[in-house]
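K.L.:
Chain B: place on chain A using the hints.
Those sequence lines, one after another, are chains A and B.
Our numbering puts the last residue of the first sequence at 201; the count rises by one with no breaks.
Our numbering puts the last residue of the second sequence at 376; the count rises by one with no breaks.
These are computed hints drawn from the structure, not numbers from a lab.
Where hints are given, some of them may not hold.
27 Å max Cα-Cα, derived DSSO-like pairs, lysine-lysine [stated by the list, open to error]: (1) B:K158 / A:K58; (2) A:K58 / B:K71; (3) B:K326 / B:K247; (4) B:K121 / A:K58; (5) B:K353 / B:K326; (6) B:K158 / B:K76; (7) B:K353 / B:K71; (8) B:K351 / B:K76; (9) A:K29 / A:K86.
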Amino acid sequence: MISNIALLTGLSMALLCVAFATTLLPANKLPLAARVVVMAGIALLVMLPLSDYPGWYKVRGIFGDSSITALLFYIALVMQQTFSWKFYRDKELVLLRRLVLVSALLLYPFALGLTQFDSYSLGYANPWMLAALLAITLFCWFRQYYFIATVIAVAVIASSLHLLESRNLWDYLIDPAFVLILILTWFMPSATIALSSTRNS
Amino acid sequence: MIIAGFALAFFTLPTLPQPAFSLPEYPSSGEPGKPVLESAFVSGDLTREVHSATAVELNNGDIRLFWYGGKREGSKDTSIYSRVLSSNSWSGITEIMTRQTVATDTHRYIRKLGNPVALVKGDELWLFFVTVSVGGWAGSSLNLAVSADHGQSWGPVKRLISSPFLNISTLVRNQPLLTDNGDVILPAYHEFLGKFSELLQLDSSGNVINKYRISHGREAIQPALLPVSSEHAIAFMRNTSANHPGKLWFSHSREQLDDWAPLVPLTLPNPDSAATLVQLDSPDELLMVFNNHPSERDDITLGYRPTETAEWQLIHQFEDLKDGEKIHNPFSYPFLLKTTSGDFHLFYTWKRKHIKHVYFNHAALQEMLFTSGAGS
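Excised from the complex, chain B in its bound form:
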């Protein structure tokens, strides 16, 4: 039996080639025209608190938004909500994932839900999110639900296994990437004992088949991953370090995806908060939305980097807490989406009460660049 068992194991052992990213196109322009910059609260008033918005452009060009909400961040009534922006009009809000749904599908007690992250994969819409059975967010596990109808209905929730220690403490926040063979590279992070970033590789059935560590220790979480070639990527990370706080972390993959350069602090500040990035006309030309402060989440700022070697420039401020106003972490968890038509949709948590949506087109970006002096 031993020989037969191991023979079977060796015979069925899959080969895991290094993943090659399926590179996105970098549509620059958008239609030339009038600058448009407009904003609105989009999460309704179904729940007292809301957080962690994410969005995805569907194959038909609509934007589907996800967030979670409840009485408060960790309360037992948290659910994941969603709505669709189609032809400049928002659909009604739908509660798409509840504790009960996930408990029934995964055969596990679920205490709370959080941090949705979505991906269009062929004709399917994949939704990753975290659930906690015991304790705080450090006890999170990952889940995956797949929709075949752009998010109107969802298949059974699948539990992802990503850690040997009770399968806890794996969370997601930022956009996954696709590889050229259809695998998914999901940026993830840990918060139990260690606070570090890694990448999970999932096959087309949603099984975790490999993982790659970006950082270790208690330094950096919530990696925002961007491909710079089919084999290389860069990552910007939230700074959780006690020894080197206050600066946004950066790293890049070297020869292979499991070999990442040591963390480097950028000149940009980071108050232990998430940042979001998109690529513009080339892999190196970046837009980033972040909190431009070393210790407070009092603003939401747009940064621009024209080339790999250039300095970051601040080109717009979407929020700035008024003098004298005291609110803990008023603006956080920004998520920036660039559409195939070259427009931008920014979502972020506004004083924990709302998800705010800011739309700006390419002409508005050009105007911001010009006004700030970055585009001259």
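One chain only, chain A, in its complex shape:
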């Protein structure tokens, strides 16, 4: 019997795979019903046991858990690309990309041993990091970047409630798959077309 936490984790892995597919496939060229079938098919493939374990065990083994901000973005991205429901403005996606890429540059090289300073350790119970996030969140809110402000606030709440296995705030804000998907939405022609098409619809 699969536990509720395992089921939710599996669903989050399915969402990650659907988000990847959304950025890589020209789904916007398909009719709505076909889009839904493709996305549901991918999710089912990931959730169902293919050998000894469900496919999402392998996805999780490779990517680890998605951050909270990533999960909220994936939901918004898939909804926008599949149903043309908009959760964020176009320039909000641009700012989100910039914020995440800058965060990735501040985080990964140092976490992987570039210097004696380890920016990842700032994520452990650090009031200054929390204060910096509050400032960014308030800036976004007052500039009407409501989606970004909301996802950061939800990530901070999730971190306080220890909803993921990690106790490090960074893990609620950013993960490598999130960075990759945001880059893909930037560079992949299909994604650009999809976004433009949605914008015009």
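P.N.:
Here is chain B on its own, set in the frame of chain A:
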């Protein structure tokens, strides 16, 4: 929601005081008596290859040994095995951790297991080990299993989160330490892109709550950590440097545990291999088992340092590859355990085929010191 969310976050933010080590006692002696030095292969023949032994003295005085084995080091059939030395008699070998167990408990695909490290924490026995889902050992993640019955049965395996980059490339090899508030300081190292050493601080539930970097770059891994006071520690590390190879690295913490002095090469050689240390009558009096060669793991040697400022002296050689014998890395991954009665148990990988156990008592150590001239 934003204000409420951040208010909750600030309100629930834990305080992280600098860890203070719970210092071990330094029982010197052991019973005076006849020197005893004996050895045996202890890993049986369940698997073709074995590696990375570690051991712990249980609360009842028994010694529990762990290692991993399989067809070969990275094969899919690797498991972690264990057995107990009780009243000079070894128990049967038990397979305590398999790929399937860990995959089921952590909800992740697991390709291989390795490097167990154990700790007695109150009435519990904690077992840390690495698993890999994709790629080689650089793709390792840490796991923790806890036993409430001295290792006869184990609770569900918990995945430790220690890196933001896919949570890969954190490994363990050497003994953790306890702090006075019950936290665990786990020496760890990274092998993906950077090769460096660090310390993970875990709370009593086994969550990583802080980390401290000992080194950076691609220089030093597998820190052997020893407390020299409640707030300070020293670390000896395996040399992985391309620029400064061949010498064992040393560092010490300065004002706080997150402030470590730059790496210093010791006079002792190091062929990019693990070393193991214990403290004797004082925090500064050390025994070390290591490969005494700058490029080959052809020997297993015992070194002794009487005081912080003294030179290391070689007092015994447990293994020395015969002239003409050609085996890649025949002797490696030593693990030295000093018991509360003052005896010593050394375990190491013997030609990848066996875990060899060497037992020597305090009288045997005194004899080695005397014979080598170090104890005069």
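K.L.:
Hints the structure violates: just list their numbers, smallest first.
P.N.:
4
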